[in-house]
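*Asks:* Starting from the structure of chain A, add chain B where the hints point.
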Amino acid sequence: MKGRILVVDDDVALAEMIGIVLRSEGFEPTFCAHGDEALDAFRSSSPDLVLLDLMLPGKDGIEVCRQIRAESGVPIVMLTAKSDTVDVVLGLESGADDYIPKPFKPKELIARVRARLRRSSDPAPEHLLIGDLEIDVTGHRVLREGAPIPLTPLEFDLLVALARKPTHVFTREVLLEKVWGYRHAADTRLVNVHVQRLRSKIEPDPENPVIVLTVRGVGYKAGPPDG
Amino acid sequence: MGRLSSRLVRVSRLPARAVRRWRSSLQVRVLSTTMLLGLVAVAVIGVVLSQRISTDLFERRTSEVLQEAARATEQMQSNFDAAAIRTGTEITEMFQYSVQQSLLTGSPDRSVFLLRTPGPLPPAVVNDLVTNEALRSVITPELRAATAAAEGGQRWQSVGIPGDPTDPGALAPGIVVGSTVQVPIAGQYELYFLFPLSAEQETLSYVQRTMTTGGVLLVALLVAMTWLVTTQTVRPVRTAARVAERLADGHLTERMHVRGQDEMATLARSFNEMAESLQDQIERMEQLGALQRTFVSDVSHELRTPMTTVRIAAEVIGAASEEFPPTLRRSAELLMTQLDRFEDLLADLLEISRFDAGAAVLDAERRDVRDVVAAAVDTVTSLAEHKGSWLRVDVPEEPTSVDLDPRRVERILRNLLVNAIEHAEGTDVEVTVGADERAVAICVRDYGVGMSQEAVEHVFDRFWRADKARARTTGGTGLGLAISLEDAHLHGGWLEAWGRPGLGANFRLTLPRRAGIQLTGSPLPLVPDNPMPHAPAVHAETEESSLAREADPAAIPDLDRLETR
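Protein chains in written order, with our numbering: chain A, 1 to 227; chain B, 1 to 565.
For reference, chain A alone in the conformation it holds in the complex (with noise of 0.2 Å):
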């Protein structure tokens, strides 16, 4: 549960002061301020979550996003000063899991980095068939004809809750609360960027999606599993 957390900011009180919160909650919080020293900070400490403001000197948060989700699927979460703008949308495409709007109270800061690193503990091996997938949620792989298809913890998850219910129609809200862990009603873009995430890692043909289906007006469910 308790676990190292990257944080990359430039302003050094507000990193401080998250460092302090963290802390307190047992979290092992290492520091970033720059953007172009990011990825290296990310290497050396391997984190089990990252923090990572928007804007930043050098690289801009979005472009070290990408980065990191090009060669981890390690949980990103995006603290953001404008919460209405595009650059919530263009972060969670680049690979951000969720955001934090600020000003943010600690609570909701914990709540959030919680709601990430929380993994099911359930010893019991499941195994979920969804489309041509096979799911072995205790192993944390997905495999298509035997071949694993590589997918974040979060994809993993909103994959896993849709095909623990088949044929089961998901709202956004629901899927929020389910996968990100919001108990108020939250952003739903964050759920329309995943899919779109999802889907063109794991649909045969993304336009045309057979695995996780649109339900116009009412939100998403899990396709029926071939044969």
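Hints may contain errors.
[What the hints assert, rightly or not] Listed below are several chain A residues computed to face chain B (Cβ distance under 8 Å; list not exhaustive): (1) A81; (2) K82; (3) K102.
Keep in mind the hints are simulated off the structure, nothing from the lab.
Where a beta carbon is used, it is the ideal one built from N, C-alpha and C, also for glycine.
*Replies:* This is chain B only, laid out in the frame that chain A set:
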């Protein structure tokens, strides 16, 4: 029936349309005036000319005719004088001969009448001789009397000659000239010559026809010229008007074509210069405005990072406040609550800057307005309870669906309610919902301190305070009503205020029930007819309970109480 009435309508509209054309088009007015004046002038000139010509023709012909008649009379008289006549038969022969002779010279188509002057019978009576019996009637008894009395002199009269075979009633113009001849034995006879004026009439008609044709052509030419001139003058004016209209519609790059060096080109150039400077001004203002809006937005965003740090620090301090001495603990509390207020202010500033930048979008859905009202009222019950005001909500019995953005409308109502409760001073606050087919109105009425006229005018201004000395207790940002007004406008709705000092205030929100409806009125009056609260009111939720205070952890401390105690 329908067609008839529609035709009637069309006919009755015709003059109205003509009047409109007349009023709206300078060209139509100038053309009509020119045509009318031209026609009058041509008609007057035509009448005068034609009269002059006809008089002239008549006078010339009359003098010719008189001379001719005199010559013929003289000839006949000399014939009679020279002849040795004894019998009536001879006289008759003589008559015929003379008349034949007189017809040979002069105008060929004249008629001759030789009539005996009435009087005592002479020795021999000879019958009257008339070349055209049908025209005998044109010689009037008056003329005959005058001729007989003239004793050899000429008498003439202009007459109408009947006998046009195609038109029996028509009379052709003619002149009758009479004089007397002395016939041996038979006594005095009157000799009349009837000269038709058909040739002159024809000439006159020809001249009149020519003049009419010429006049019409002249007027047509005049109108055509006027049209040409007015078109040349009016077209640039029309173009200018059109371009000005486009400019007014916001197409600031619109310009007139400049051609040549004349007055119109000068007009176009001046016009373009005006448009240019107008565009410059507007663009400068827009840039300034945009700069300022970006600034506000940037400031709000830039404030967020340090705000977050302070916020987290305050929370960390707050978490440990149990161990602090009382003053320090209270300070930590104040720090946190005021941070909430600061955050609200920041959020409101950002919201206002979004409106100013035109970035606010309406997220409308069809909702029962009663639900929205209920949700908004729910959020303020604890505040009402804290302030000791009763909330009375009066909604229609049937569902009242309205296209609205629930987040915004709820925010408007919450602002109005908080505002009302804050100023009610413990009196009732009433929420009334009224609806008709086109609009829904929600009134929030309180019976507290009320507002002066000045306050009513400024109550929606940003950061405006009714009473500068009055301490804020609920910690509003000063932007709430300004944002509410923008929210109402975003819906195409109205938000209005009424108030009287001591009588309370009434805020009325009117929203169109469907997108696209233009509001023309509101289902509820803005000026309330009841100076006193409706009695008896139903209490808002519960009696004074400790729950209300605890339910809202972010409750703002009562500054009034803090300062006075």
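*Asks:* For every hint, state whether the structure bears it out.
*Replies:* Results for each hint:
1. A81: With a minimum Cβ separation of about 4 Å from chain B (threshold 8 Å), the hint on A81(A) holds.
2. K82: holds, 6 Å
3. K102: With a minimum Cβ separation of about 4 Å from chain B (threshold 8 Å), the hint on K102(A) holds.
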